[in-house]
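Peer 1: If you're matching positions, the sequence shown starts at 1 in full-length UniProt numbering and goes up one per residue.
Source of the hints: derived by calculation from the structure; they are not laboratory data.
From a predicted model like this one, the values you see are computed outputs, not experimental measurements.
Treat the hints with care, since some could be wrong.
[Claimed, not checked] Distance ranges between label pairs, derived from CB positions:
1. Asp257 <-> Ala342: 25 to 35 Å
2. Val419 <-> Pro30: 28 to 38 Å
3. Phe112 <-> Arg216: 47 to 57 Å
4. Phe112 <-> Lys359: 57 to 67 Å
5. Asn215 <-> Leu66: 40 to 50 Å
6. Glu13 <-> Asn92: 17 to 27 Å
7. Ser41 <-> Phe312: 40 to 50 Å
8. Glu298 <-> Ile383: 20 to 30 Å
9. Glu17 <-> Glu111: 33 to 43 Å
10. Ile383 <-> Gly272: 48 to 58 Å
11. Asn401 <-> Thr153: 27 to 37 Å
12. Gly272 <-> Glu168: 35 to 45 Å
[What the hints assert, rightly or not] No farther apart than 30 Å at their CA atoms in a straight line, the calculated lysine-lysine pairs in the DSSO-like style are these:
13. Lys350 <-> Lys251
14. Lys89 <-> Lys78
15. Lys162 <-> Lys29
16. Lys418 <-> Lys385
17. Lys424 <-> Lys359
18. Lys368 <-> Lys385
19. Lys415 <-> Lys251
20. Lys417 <-> Lys376
21. Lys154 <-> Lys22
22. Lys119 <-> Lys251
23. Lys9 <-> Lys22
24. Lys433 <-> Lys376
25. Lys293 <-> Lys78
26. Lys359 <-> Lys433
27. Lys29 <-> Lys70
28. Lys433 <-> Lys368
29. Lys154 <-> Lys225
30. Lys22 <-> Lys107
31. Lys422 <-> Lys293
32. Lys368 <-> Lys350
33. Lys433 <-> Lys385
34. Lys29 <-> Lys119
Yeah, the Cβ is synthetic: ideal placement off N, Cα and C, and Gly gets one too.
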Amino acid sequence: MKHEPLAYKMRPEVIEEVIGQKHLLSEEKPLFQMINKEHLSSMILYGRPGVGKTSIANAFAGSTGLRFRKLNATSSNKKDLEIVVNEAKMYNETIVLCVDEIHRFSKTQIEFLLPHIEKGLLILIGLTSENPYHNINPAIRSRCLIFELQPLTKSEIVEGLKRAVEDEEKGLGQYELDVEDNTLQVIADISGGDMRAALNKLEISFLSSEVDSNNRVPITVETVKNSVQKNDLNIDKTGDGHYDVLSGFHKSIRGGDADAACLMLALLIEAGDLVGISRRILCAAYEDVGLAKPEMGERALAAIQTAERLGFPEARIPLANIVIELCLSPKSNRAYMAINEAISYVQEGKRITIPDHLKDAHYKGAEKLGHGNEYKYPHHYPIGKFGGWVAQQYLPSGMENIGFYDPIEAGQEEKFKKVYEKLKEEQLRQLKKNN
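Can you make the complete structure from the sequences, with help from the hints?
Peer 2: What follows is the structure in structure tokens.
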């Protein structure tokens, strides 16, 4: 007799048994109304593992009474789809086809499915942990409603655990268990909104427990801690969760929240993603701190190189140092904005002609073409501490008054702003005088 995991046995059979996802399953919400009114549509359910995608798909079929078939896009082929379609035709009934990891469907599989979805022979429920707007074929996406599932709250996890403890048919209710609420709360705390992970932890703790002198099975906080080695991070280096953490990490640095940035850094360290951490730190140093504290680019690179040389776990120390310093440094994105503005201008396709005196003059005949003539070498014109500078035209004719760089008075950029404005003013004054 094969063993079925507790998480599998506790899957809901009808929509009313689903825990969580109130934004979709409350009486006035779309999924509940769809089933209640028997107005059924194909859909894509996406969210990180353990939030209830498969549970909702099973319950959807159970509540509607429709035939239910499940495939995995990574292991199924066109033949498997043909079997489901032929079954629907043979019984002249709509079949709910649940496809796990639907983002991995091939073009051939998609093209085969589309007409049967459109005719209503199949109701497709696609399950994915990837963002469907990035990773699912538009032809499938346009024919489906898209619902995002949220991680379960701790109270919802506890509710699911209590149900498993008390259920005599599918759960552990047939055993004489002694489980206190604080034990279930500890399991919920370390499950990261993942019901499947929570039920697995409960089952492992149960299997690790001994029957006491009263013929009861106590599951204590200590049992849970001894049975479960590590919290689930719900982050991998390929899925949306990974990019969400990276995004939160960068934005926390940009926003100057050192505590949030350290939390995100810890998640990324536990995922072992030194490359992702390094890229975001360097980007933040140049994009967000920028000219307000230019030395942060060099300091960021030094910290990353130190982290690479040390390796984990010691790498966390230079990384934490540079992250906190970036958070608390003055910020300016004006260099970032300047190059973006310049690129946008170039992409508009306007004709841009380099002034003749700036053109390459290192070849015979350049002088006859007027290339390089009248160019003034700035170092021949010393102006005190700034070094050498002379007013001459650099921007193409007609663009003299255009400015891509718009400095602010943040940190060290304040002095750059003064120099920039002084040079710009003198440049325009001299050009106007010469013309």
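Peer 1: For a quick check of understanding: which of the numbered hints are violated here, in increasing order?
Peer 2: 2, 11, 13, 18, 22, 25, 30
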